[in-house]
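J.: What follows is each chain in one-letter form.
Protein chains: 2
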Amino acid sequence: MKKKKLHFIPLGGLGEVGRNMMLFGYDDQYIIIDCGVQFPDSSMIGIDFIIPDMTFLQGKEENILGVFVTHAHEDHIGGLVHLFKVVENIPTYATQLTAGMIETRLARGGQLNKTKINVTNAGETVEAGPFKVEFIHVTHSIPDAVAFAIHTPVGTVVVTGDFKFDMTPIDGWGTDIPKLASVGKKGVLALFSDSTNSEKSGWTPTEREITPTFERVFEEAPGRIIISSFSSLISRLQQVTDIARRYARKICVVGTSMIDNVNLAKKLGYLEMPDDSLVTLEEALTLPDHKVVILCTGSQGETTAILGRLSTGKYYAFSIKEGDTIVLSSHPIPGNEEQVSKVINRFLRMGAKVIYDSLWSVHVSGHACAEEMKMMISLIRPKYLIPIHGELRQLTRHKVLGTMMDIPEENIFVIENGQTIVFEANEAKLGPKVPASIVLVDGTNVGDMNADILYQRERLADSGVVVVTLILNRGNNSLVREPKIIHEGLMTEKEMTSYQAELDELIASTIARKNGQKNTQSQEALEKNLEQALRKFFYTTTGRTPWIIINPFYL
Amino acid sequence: MKKKKLHFIPLGGLGEVGRNMMLFGYDDQYIIIDCGVQFPDSSMIGIDFIIPDMTFLQGKEENILGVFVTHAHEDHIGGLVHLFKVVENIPTYATQLTAGMIETRLARGGQLNKTKINVTNAGETVEAGPFKVEFIHVTHSIPDAVAFAIHTPVGTVVVTGDFKFDMTPIDGWGTDIPKLASVGKKGVLALFSDSTNSEKSGWTPTEREITPTFERVFEEAPGRIIISSFSSLISRLQQVTDIARRYARKICVVGTSMIDNVNLAKKLGYLEMPDDSLVTLEEALTLPDHKVVILCTGSQGETTAILGRLSTGKYYAFSIKEGDTIVLSSHPIPGNEEQVSKVINRFLRMGAKVIYDSLWSVHVSGHACAEEMKMMISLIRPKYLIPIHGELRQLTRHKVLGTMMDIPEENIFVIENGQTIVFEANEAKLGPKVPASIVLVDGTNVGDMNADILYQRERLADSGVVVVTLILNRGNNSLVREPKIIHEGLMTEKEMTSYQAELDELIASTIARKNGQKNTQSQEALEKNLEQALRKFFYTTTGRTPWIIINPFYL
Chain S
2 MKKKKLHFIP
12 LGGLGEVGRN
22 MMLFGYDDQY
32 IIIDCGVQFP
42 DSSMIGIDFI
52 IPDMTFLQGK
62 EENILGVFVT
72 HAHEDHIGGL
82 VHLFKVVENI
92 PTYATQLTAG
102 MIETRLARGG
112 QLNKTKINVT
122 NAGETVEAGP
132 FKVEFIHVTH
142 SIPDAVAFAI
152 HTPVGTVVVT
162 GDFKFDMTPI
172 DGWGTDIPKL
182 ASVGKKGVLA
192 LFSDSTNSEK
202 SGWTPTEREI
212 TPTFERVFEE
222 APGRIIISSF
232 SSLISRLQQV
242 TDIARRYARK
252 ICVVGTSMID
262 NVNLAKKLGY
272 LEMPDDSLVT
282 LEEALTLPDH
292 KVVILCTGSQ
302 GETTAILGRL
312 STGKYYAFSI
322 KEGDTIVLSS
332 HPIPGNEEQV
342 SKVINRFLRM
352 GAKVIYDSLW
362 SVHVSGHACA
372 EEMKMMISLI
382 RPKYLIPIHG
392 ELRQLTRHKV
402 LGTMMDIPEE
412 NIFVIENGQT
422 IVFEANEAKL
432 GPKVPASIVL
442 VDGTNVGDMN
452 ADILYQRERL
462 ADSGVVVVTL
472 ILNRGNNSLV
482 REPKIIHEGL
492 MTEKEMTSYQ
502 AELDELIAST
512 IARKNGQKNT
522 QSQEALEKNL
532 EQALRKFFYT
542 TTGRTPWIII
552 NPFYL
Chain W
2 MKKKKLHFIP
12 LGGLGEVGRN
22 MMLFGYDDQY
32 IIIDCGVQFP
42 DSSMIGIDFI
52 IPDMTFLQGK
62 EENILGVFVT
72 HAHEDHIGGL
82 VHLFKVVENI
92 PTYATQLTAG
102 MIETRLARGG
112 QLNKTKINVT
122 NAGETVEAGP
132 FKVEFIHVTH
142 SIPDAVAFAI
152 HTPVGTVVVT
162 GDFKFDMTPI
172 DGWGTDIPKL
182 ASVGKKGVLA
192 LFSDSTNSEK
202 SGWTPTEREI
212 TPTFERVFEE
222 APGRIIISSF
232 SSLISRLQQV
242 TDIARRYARK
252 ICVVGTSMID
262 NVNLAKKLGY
272 LEMPDDSLVT
282 LEEALTLPDH
292 KVVILCTGSQ
302 GETTAILGRL
312 STGKYYAFSI
322 KEGDTIVLSS
332 HPIPGNEEQV
342 SKVINRFLRM
352 GAKVIYDSLW
362 SVHVSGHACA
372 EEMKMMISLI
382 RPKYLIPIHG
392 ELRQLTRHKV
402 LGTMMDIPEE
412 NIFVIENGQT
422 IVFEANEAKL
432 GPKVPASIVL
442 VDGTNVGDMN
452 ADILYQRERL
462 ADSGVVVVTL
472 ILNRGNNSLV
482 REPKIIHEGL
492 MTEKEMTSYQ
502 AELDELIAST
512 IARKNGQKNT
522 QSQEALEKNL
532 EQALRKFFYT
542 TTGRTPWIII
552 NPFYL
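Protein sequence lines correspond, in order, to chains S and W.
For the first sequence, my numbering gives the first residue as 2, with consecutive numbering after it.
For the second sequence, my numbering gives the first residue as 2, with consecutive numbering after it.
By construction, these hints were calculated from the structure, which means they are not laboratory data.
Honestly, I wouldn't trust all of these hints.
Because identical chains share one entry, a pair is satisfied inside a single copy or across any pair of copies.
Simulated crosslink set (DSBU-like; lysine-lysine; CA at most 35 Å straight-line) [said to hold, decoys possible]:
id, residue 1, residue 2
1, Lys201, Lys400
2, Lys315, Lys537
3, Lys485, Lys537
4, Lys375, Lys354
5, Lys400, Lys251
6, Lys86, Lys495
7, Lys186, Lys201
8, Lys434, Lys322
9, Lys201, Lys375
Using the sequences and the hints, build the whole thing.
T.: Below you can see the structure in the form of structure tokens.
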């Protein structure tokens with residue numbers, strides 16, 4: 002009899018890069034959990050985003066039973082459009098709001114026909130081959146998020162997705178703790194649990210805790226209130242709506258993603274925002290300032306979002322003025338701190354009042370902190386723990402939390418993308434590695450970017466580039482024309498002009514001298530000598546090391 | 002009779018950029034307080050650092066009585082080498098350690114003869130023209146830091162420099178609170194006070210509070226301990242030294258700046274590190290692992306510092322291995338979070354134990370928090386408050402703290418670099434603006450960088466560059482040679498090759514067609530048409546928008 006084996010294949014979401022795509026395999030049949038994008042770090046110059054490596058799926062297209070989505074954040078659904086290019090006609094399973102947001106994205110790319118989305122509510126179970134996937138409601142910074150209890154012939158595994166235990170969420174719909182406990186009671190082989198906030202002690206405060214802060218904002222604001230947050234943070238929008246109505250301010254929602262999400266959430270019943278409390282931006286601008294609250298995106302300092310454009314005076318519709326109160330209702334994601342600071346400073350310079358995370362309590366995280374992770378472990382009581390969603394530092398910290406909860410150290414796997422785990426009924430061990438490099442998306446180009454090109458960009462950015470075009474006589478390598486120097490990102494035109502005579506002399510003499518020394522000197526040698534001479538020249542005169550490209554034509 | 006007026010002229014240290022250079026002027030005589038550099042934010046690609054704009058000093062060289070330095074951090078002394086190029090032969094006044102560190106820097110640049118450094122101890126007063134500058138000891142993350150009480154004919158102003166109120170500093174030498182109180186009691190016109198941590202509530206914990214954490218590190222570490230911090234944080238080095246001796250570990254100091262500072266601090270009596278507790282790196286590597294602690298720089302994730310090189314396996318002398326315990330004894334400066342995270346993840350991947358700020362308490366700030374700023378105000382009791390050292394967000398927050406301390410709002414000036422203030426005996430008002438733009442230093446080039454060049458670098462970095470060189474017949478604009486395409490930072494060679502035929506065709510047809518349409522077409526029009534055609538081609542095929550440079554030669 003063939004041994005029962007469950008394979009866990011992480012293609013994203015573990016380790017330094019790559020975000021949120023995991024497979025479970027049994028008997029050559031697979032299910033996919035989430036498929037997200039990640040945003041590049043500052044070393045990935047010019048890259049739009051990163052998607053998981055889907056090489057592993059090649060040749061297995063027929064054996065993929067479905068993709069199960071925990072919630073509708075970009076880092077969990079943003080890669081679906083790429084997945085459906087690789088694997089066609091696999092069904093998608095998601096809760097109602099998640100399904101709606103996926104549909105919006107697929108429709109934008111003309112991909113609605115690429116999958117059938119099966120709306121599956123929390124509490125329901127989907128059978129897919131050897132897998133029974135049970136949807137369990139969890140609280141997160143977007144409504145209708147779920148964890149999965151996946152029942153397999155080898156045992157049950159639990160994938161938390163992104164979660165926290167908010168006991169008093171705005172929508173009153175808490176994490177289904179009884180269900181998690183009941184799954185745990187029946188025995189769980191492995192828990193795959195969100196590690197994002199593992200370094201933060203304690204318990205993430207309830208969303209409700211920030212209501213008084215917003216009330217204070219409305220109480221004190223003399224003029225317009227502009228609140229920016231994530232467009233999918235529906236509960237935040239609900240909080241603001243409720244307070245705005247109490248303070249008799251009209252709500253104005255601006256920006257495509259915010260409007261799309263508000264409309265969808267209203268339609269599906271996740272957001273109660275009566276039409277008579279809403280105004281268009283045109284209407285808002287005609288109302289008295291103290292009668293308006295404007296909701297928009299851009300709290301991460303993104304230069305292209307509405308808040309970013311307002312901060313530089315580049316938003317077409319209106320400008321910030323003294324008396325405005327601007328709330329950044331989010332915490333800067335690591336890497337965005339500088340940008341967020343600039344936006345804050347610019348608004349202060351315009352005379353606005355700016356309220357942000359480090360001053361007033363206007364945001365709480367969507368992820369569990371350390372004590373909540375322990376709570377999850379205590380509910381599920383797994384034999385094995387696999388920390389997911391985080392860099393090695395967070396995964397490693399989650400392991401420490403696991404050992405505190407008496408999971409033996411050898412039963413906790415801190416692994417990175419591509420490292421598979423093989424589960425049998427009573428044991429787990431590391432399996433083979435599969436391809437899980439990062440796939441960079443730049444423009445419409447997917448994956449044909451590599452480290453060389455990023456290095457080239459870094460080098461270009463560091464000191465600019467100089468292209469020296471030479472028209473030479475093929476016979477004796479003498480100059481037929483004056484050399485032409487194109488330079489970008491190096492120095493001002495004025496500065497270059499001041500070097501022009503010296504440079505012409507240097508080029509001419511390098512060519513002549515080298516030829517003089519060695520009549521049969523090769524073209525390669527000539528070009529190399531020139532490059533060296535120019536590199537030395539720029540370094541000596543300016544201390545900079547531009548990229549020097551010799552561009553010769555031999556006529 | 003001429004009215005007595007004191008001018009405050011901030012050239013750095015207020016607002017978003019430019020760090021820590023301020024002038025006071027009376028009767029056309031000036032003193033300078035500090036002259037530091039600032040490190041570029043991520044938008045200033047390839048820039049080494051930023052120095053204050055010294056335009057204001059031009060023509061006043063004879064009237065500058067001296068430069069007074071609060072402490073020896075780079076953001077307070079790093080600009081002196083540039084100052085002494087602009088203004089020669091002005092004396093420098095600084096405490097003993099500060100003087101020593103300035104000398105080290107000046108000696109490196111062969112500038113020791115450019116100034117006379119007058120060692121002035123805390124408690125002493127220097128008379129310079131109409132100014133009497135009193136040195137008052139304060140605690141900070143470097144020893145021998147001072148605040149200045151500057152007595153002028155108009156009244157006394159106090160400049161705090163960087164400070165905190167550590168009641169139990171490692172060296173036992175606390176902020177001179179009685180002196181500050183006595184200055185305050187006699188009446189202070191204006192307080193210029195450090196705003197760095199104004200957004201942080203409470204009181205910065207004493208340096209002593211982290212001693213138990215370090216003891217735990219030494220208690221638990223099975224092998225080598227590698228501790229990285231700032232090389233000027235002498236008290237941290239003292240703490241580690243004391244604990245290392247108790248645990249019978251030898252101390253190994255590596256890296257030029259760390260060794261320089263240790264030697265200077267030992268020589269001047271600021272650091273007690275007995276020679277028999279020190280070993281060279283060569284010796285350290287022959288000792289048993291549990292007998293060694295290595296001190297180095299790089300806790301900010303700098304790729305070129307020793308810790309950064311260790312994290313990528315590029316340090317020549319040794320490699321990190323399982324059993325090593327690495328301590329990052331600092332908090333990431335905003336903008337460095339990503340780099341620090343990478344270093345942590347890499348060490349974890351190597352199997353080392355990594356201890357850092359967000360997990361264990363291994364660092365405290367060198368700056369006062371909100372309650373300490375209030376304490377400073379309560380000691381000095383100034384008529385006017387001018388928040389210094391910080392971005393607008395921190396300055397603005399400091400103003401809120403000032404109003405809490407009953408300073409009238411109109412007596413608090415939140416200003417940015419270049420905005421002067423004019424003080425008379427009983428009033429202060431905004432004065433004229435003076436040049437205080439940022440001066441970028443790139444290589445040996447100072448100040449001839451501008452926004453255009455930074456924009457060029459950003460554009461080059463974003464999608465790379467394509468240079469198309471064309472050799473054309475001057476008579477009919479036909480191609481004499483095949484066009485040559487140089488591309489960097491755009492795509493792989495393989496990808497470009499796949500487009501080559503299409504590109505050749507596009508270039509040829511654009512030239513021919515355009516010429517066909519209009520025989521007298523100008524060279525400019527031809528080049529513009531080509532650029533447009535190529536831009537469209539790359540955008541359509543790749544979604545990217547490289548910088549396209551047409552480089553034509555007409556023979």
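J.: It remains to establish, for every hint, whether it holds in the given structure.
T.: Now for the hints, and whether the structure bears them out:
1. For a Cα distance limit of 35 Å, the shortest separation of Lys201 from Lys400 qualifies both inside one copy, at 14 Å, and across copies, at 31 Å.
2. Taking the shortest Cα distances, Lys315 and Lys537 sit within 35 Å of each other only across copies (26 Å), while inside one copy they are farther apart (43 Å).
3. In this assembly of identical chains, the alpha carbons of Lys485 and Lys537 lie at most 35 Å apart whether taken from the same copy (18 Å) or from different copies (26 Å).
4. In this homomeric assembly, Lys375 and Lys354 come within 35 Å of each other (Cα to Cα) only across copies, at 22 Å, whereas the closest approach inside a single copy is 40 Å.
5. Proximity of Lys400 to Lys251 under the C-alpha cut-off of 35 Å is restricted to the inter-copy arrangement: shortest distance 32 Å between copies versus 48 Å within a copy.
6. When the C-alpha separation of Lys86 and Lys495 is checked against a cutoff of 35 Å, the pair qualifies only between copies, where the shortest distance is 23 Å, while the shortest distance within a copy is 51 Å.
7. Only within a single protomer do Lys186 and Lys201 lie at most 35 Å apart by alpha-carbon distance; the minimum there is 28 Å, versus 45 Å between protomers.
8. Proximity of Lys434 to Lys322 under the C-alpha cut-off of 35 Å is restricted to the inter-copy arrangement: shortest distance 23 Å between copies versus 57 Å within a copy.
9. For a Cα distance limit of 35 Å, the shortest separation of Lys201 from Lys375 qualifies both inside one copy, at 12 Å, and across copies, at 29 Å.
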